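J.: Chains S and U, in that order, give the protein sequences.
Counting in the working numbering, the first sequence runs from 44 upward without gaps.
Counting in the working numbering, the second sequence runs from -3 upward without gaps.
In case anyone wonders, no lab produced these hints; they're calculated from the structure.
It cannot be assumed that every hint is accurate.
Claimed, not checked - Ranges between beta-carbon positions, derived for each pair:
no., chain 1, residue 1, chain 2, residue 2, range
1, U, Leu7, S, Arg246, 44 to 50 Å
2, S, Leu199, U, Ala12, 47 to 53 Å
3, S, Phe207, U, Ser66, 23 to 29 Å
4, S, Ile212, U, Lys113, 37 to 43 Å
Please read all numbers here as calculations on a predicted model, not as lab measurements.
The beta carbon of each residue, even a glycine, is placed where N, CA and C say it ideally should be.
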Amino acid sequence: MSFKSEFNKGIINENPAFRMLLGMCPTLAISLAISNGIGMGLAATFVLVGSNVIISALRKVTPGRIRIPIFIVVIATFVTTVDLIMAAFLPDLHEVLGIFIPLIVVNCIIFARAEAFASQRGIIDSLADGLGMGIGWTLALCGLSAIRELLGTGTLLAIPDFGFAGIRIFSQGLAAVMAILPPGGFITLGLLIGLLNLITNRRKTKRQQV
Amino acid sequence: MREVLRLGFVLLVVCAIGGAVLAFVDGITSDRIAAQAAIRLQKALEDVLPGAAEFQDAEELLQEVKAEASKEGRPGLTVIDKMYLGYFQDECTGLVFTCSPPGYGGPIETVVGVSLKGEISGVSVIRHAETPGLGSNITNPEFQMRFIGISKGTEVKVREDGGQIDAITGATISSRAIADAVNGALLMFEIVYDKEAPGNEL
Chain S
44 MSFKSEFNKG
54 IINENPAFRM
64 LLGMCPTLAI
74 SLAISNGIGM
84 GLAATFVLVG
94 SNVIISALRK
104 VTPGRIRIPI
114 FIVVIATFVT
124 TVDLIMAAFL
134 PDLHEVLGIF
144 IPLIVVNCII
154 FARAEAFASQ
164 RGIIDSLADG
174 LGMGIGWTLA
184 LCGLSAIREL
194 LGTGTLLAIP
204 DFGFAGIRIF
214 SQGLAAVMAI
224 LPPGGFITLG
234 LLIGLLNLIT
244 NRRKTKRQQV
Chain U
-3 MREVLRLGFV
7 LLVVCAIGGA
17 VLAFVDGITS
27 DRIAAQAAIR
37 LQKALEDVLP
47 GAAEFQDAEE
57 LLQEVKAEAS
67 KEGRPGLTVI
77 DKMYLGYFQD
87 ECTGLVFTCS
97 PPGYGGPIET
107 VVGVSLKGEI
117 SGVSVIRHAE
127 TPGLGSNITN
137 PEFQMRFIGI
147 SKGTEVKVRE
157 DGGQIDAITG
167 ATISSRAIAD
177 AVNGALLMFE
187 IVYDKEAPGN
197 EL
């Protein structure tokens, strides 16, 4: 597998949120506004790439029986380092993303990629995998967030941390608040997964007919 | 047995390296983080008490009032962490309180300004861990504006509790926490104001 194919698989075919159903807790919890999706997605991508590279580099010296505690130590060290450096040198960005960073530690996508991929593959492949999975998850979050934000509040691209109220598409009175509450998250996610499966199945049958 | 020791040793080495990395990163960042926090606090103080340029920490007075209040068994003041006197050209223009009411995701560090007239002059949130997109809307200026102008003697409550403040949709607990902070600040202001006769020491 080349760098490109390792990268590409995370975007659609093995998309962590829609195909592998990994990291459902943060996916449902934060997909309320597009700005959340971008913030969480980028922060997680950064940690995913870093932890994948380090775990891949250590794979030959990691004893199999204690690999899981070692992964946890590596991931937690990485997340804390990112948190501290961001707080010190990029305070504005940290203000916006700060709330997502503790959530990254409990994101099972990072752990799953360490266990299923990085611990068995080379550094370059692991880097491509981390980048692809991270960006695939970011895109999934943005798609889910866009639908929920629009239906739930009637606005798009609101960024409360910058005091930007977003672009109003329709009035608050018409908005269905349920879309940004937990049930709306499950329903939207379910419909999106169904839609993606429908599209892939159609393509598959078409290809078979040809 | 030997295998257990070997695995334990490997894990010890990994943890030691992780600890060393974190200690190193903390060493180069802690001063800057503290400086950033001080800048943010100063900015928040100026935001909630417009017009004041200098702030003086009134720790002694705060402890004194808190001790008296707990002796009398009066509740509602525990939410207050610090008290600052705001000055403009040597004249006191109001009080600012930093509070940490319990929210949905832990304490919400809130700054509340009260003008000398006993009215809320501003509310600002400096640190919180509320749910992004729901509770995190407490940082929204539009929500914080809802508290401005409320004067002492009023009990602030969200509408769900029969009060006057519209809570954020889907975030009643977070909204209630900010109301708690505002109530604590108003209560504290009243006590301090009565104690230090108007225009006297303030």
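J.: Go ahead and decide if the range 47 to 53 Å is satisfied by the Cβ distance of Leu199 (chain S) to Ala12 (chain U).
T.: holds (48 Å)
J.: A range of 37 to 43 Å was offered for this pair. Does it hold for the Cβ distance of Ile212 (chain S) and Lys113 (chain U)?
T.: holds (41 Å)
J.: Do the beta carbons of Phe207 (chain S) and Ser66 (chain U) sit within 23 to 29 Å of each other?
T.: violated (43 Å)
J.: State, for the Cβ atoms of Leu7 (chain U) and Arg246 (chain S), whether the hinted interval 44 to 50 Å holds or is violated.
T.: Given range 44 to 50 Å: holds, Cβ gap about 47 Å.
Of the numbered hints stated above, the single one contradicted by the structure is hint 3.
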